[in-house]
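With the hints as your guide, set chain G onto chain Y.
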Amino acid sequence: MIKVTIDDIEIEVEPGTTILNAARQAGGDIVPPAMCYYSKLPGTGGKCRTCLVEVAAGSTADPRPMPKLVASCSTAVMDGMIVKNKTSERVHNNRGGVVEFLLINHPLDCPICDQAGECHLQDLGYEHGSAKTRYEEKRRTYDPIDIGNKIKLHMNRCILCYRCVHVANQLTDKRVHGVLHRGEHAEISTYIENAIENDFSGNMIDVCPVGALTDKTFRFKSRVWFLKPMEAECSCTKCSGKAVVWMFGNEIYRVTARKDKYGEVENIDDKAAWICNDCRYDKKDTSKWNIIGPRSINRHSVISQGKYKTFMDKEQKKIS
Amino acid sequence: MSNRKLLIENVHVEGYDTFDVYRKHGGYRSVEKALKSMTPDEVVEEVKKSGLRGRGGAGFPTGMKWSFLAKPEGVQRHLVCNADESEPGTFKDRYLMEKNPHLLIEGMITSSYALGANLSFIYIRGEFMYILHILEKAIDEAYAKGFLGKNILGSGYDLDLRVAPGGGAYICGEETALLESLEGKRGNPRMKPPFPAVKGLWGNPTVVNNVESIAAVVPIVNDGGEEYAKIGIDRSTGTKLISASGNLVRPGVYEIELGLSVEEFIYGDDYCRGIANGKKLKACVPGGSSVPILPHFLVTKTAAGADRLMTYESLADGGFATGSMLGSGGFIVFDEDQCIVRNTWNFARFYSHESCGQCSPCREGTGWMEKVLHRLEHGHGNMRDIELLEEINKKIEGNTICPLGDAAAWPVAAAIRHFRDEFEWHVNEPQQAQTRNYGLITQPSVAV
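In order, the protein sequences belong to chains Y and G.
Under the working numbering, the first residue of the first sequence carries the number 1, and numbering increases by one thereafter.
Under the working numbering, the first residue of the second sequence carries the number 1001, and numbering increases by one thereafter.
So here's chain Y without its partners, still in its complex pose:
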């Protein structure tokens, strides 16, 4: 085990752990935001640059600070490393810069975007963005396209995190989903609007940190904060069958995988609990699910505002 200090909090982690994962082990608000890194998808990370941190001391052996900010998701910790995230003015400024870059071409169509309420870019913009834009030019726009009959791609909203590309990479040998063009013209696309023929292609929606990939069976049906997320399971031969069903009254509006507080699919029995397309798109009937109980949602999330009390809240009320 090696020792690393992040924002004055000392943690012991396994050698080879990245700074971001070390911070996640400690938890709390020292965790840098990550838009492209996804711990369940090997190869992701390093692209969005929102997780930049300052390394004030490289290691005990070589305590020199690193001259540049480093991407915490792809930099391994060293023994005696001192990392500054929240406590560094430089990190704060540069992260603000990155958020500004991510937003200059973003359409800011949150009022009509299905991701609103659970969008990482919204959270990031709330924390680091400025109220006004300095971008006077025309934003780049694309027409929304269909990737298969169940997924809609709004390239306007995409931040090019490459997460969906990694999902597609792992799903199929004949990859038809990737990045076309270069620089600011880069876009996610499929080969001549082809669809990926795979039972797990719907997970691209779950990994998308913004509203670029949306579920066509749920689009424009409801705002997520009007829905009740309930943990549910079903017997499924393709996947674990453990999911979250988003209900309005007794109706199921959509089905997603169970996500942790970093927006990543939860591990169940040490395996990422991806769900299959059958569970996601076709089981919109309560009779097909065994509903366990309310899903615990961060109390700061808009989803838990007003409409919905968690199981724990009720229990606490009973005690008091």
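The hints are simulated quantities; they were obtained by calculation from the structure and are not laboratory data.
Everything hinted at is true.
Below, a list of computed lysine to aspartate or glutamate pairs in the EDC-like style, where the Cα atoms sit at most 20 angstroms apart: (1) Y:Lys138 to G:Asp1385; (2) G:Lys1033 to G:Asp1223; (3) Y:Lys68 to G:Glu1390; (4) Y:Lys68 to G:Glu1391; (5) Y:Lys132 to G:Glu1387; (6) G:Lys1394 to Y:Glu89; (7) Y:Lys68 to G:Glu1397; (8) Y:Lys174 to G:Glu1180; (9) Y:Lys228 to Y:Glu266; (10) Y:Lys68 to G:Asp1406; (11) Y:Lys174 to G:Glu1183; (12) Y:Lys132 to G:Glu1390; (13) Y:Lys216 to Y:Asp143; (14) G:Lys1185 to Y:Glu187; (15) Y:Lys132 to G:Glu1391; (16) G:Lys1192 to Y:Asp62; (17) Y:Lys132 to G:Asp1385; (18) G:Lys1099 to G:Glu1127.
Okay, now just chain G, sitting in the frame of chain Y:
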């Protein structure tokens, strides 16, 4: 100052690109010497002694780079020659490969031997297709004469050398993007670490060197590293190809000994012979488009008043405030009739076009800078835009995966630093800025 040429001395000899003529002029001596009388480590030691620094732009000592190469048992190693020369203003490798292809191949054999690589590549820019044919012809000759292939010169050392063309992307000159492209993937730079010296081409330890660095290994092995180190000044040893372009009487590729004064290079009779059409020097980009631009009063003298020399140190004297970099040796000269705003926009447009689009600061930032500069150049800018450009610069610089972000940010930052008056004139007098150029800027009375 004497002017020894080590790389392009005989290029005007008829048929120098053929094996026989090249061999008659002492070619492939370094291969014989290295394979017959030296161990690989001894070759590396000679290169270390020579003080040779990477000629591709960053100036990292080649010998040190070689010694970082991981050498696990039973794992293949590779040497990859970076011939993806696409920096605006740099055209030295093209000249070298076109005129003297066997020198590069000789350097590849000797260097591969030093590194213990049995399969080496020359990754060449896609637009250089005619040079690819020249190199392939030369490689075929070398195979036929037993300098490539199995058991070279009876030494028991095997080497296969291939030429691979890229698709013509500037980003593929970044070493990890080059390796991705060579593997047949999209040319996106990789996260570092691991560095190519540990995990490079197909996960094998790999060294990536510029064409000129590899070519320079030949005279180093022939004459010894110490002899090579005698040329030049301090830590800038040897000769360097400089591709001079812009408003010069005699632009072109020159091989200079490092330590030549910039004044001599621009005005000397042996070199560029001054500014064309009797105009005055306005600015100079000494090392290819990604290095900071220098205004006329900082080109031949440093801020401290010393003569500026063509060395890594002297050109960088004064840091980014009053200095620049030797870079890849793309020496671009501007006369008083050139518009710096337009030129800066042109560079920004290049970087915006060539950004791979992988990381956000570079993808969005380069495009944004290009649009703002376009506006300034075309008379629609305002004062806020100049501050904005500086801000964008600071947010890109150092925050990207690969150095392309820095390369995009530095020229814009330097242009604003030194030519702010001209930028402001573009804002204040948009009508005039469309019809005439600003002319020379005046030297600030107080040293910066």
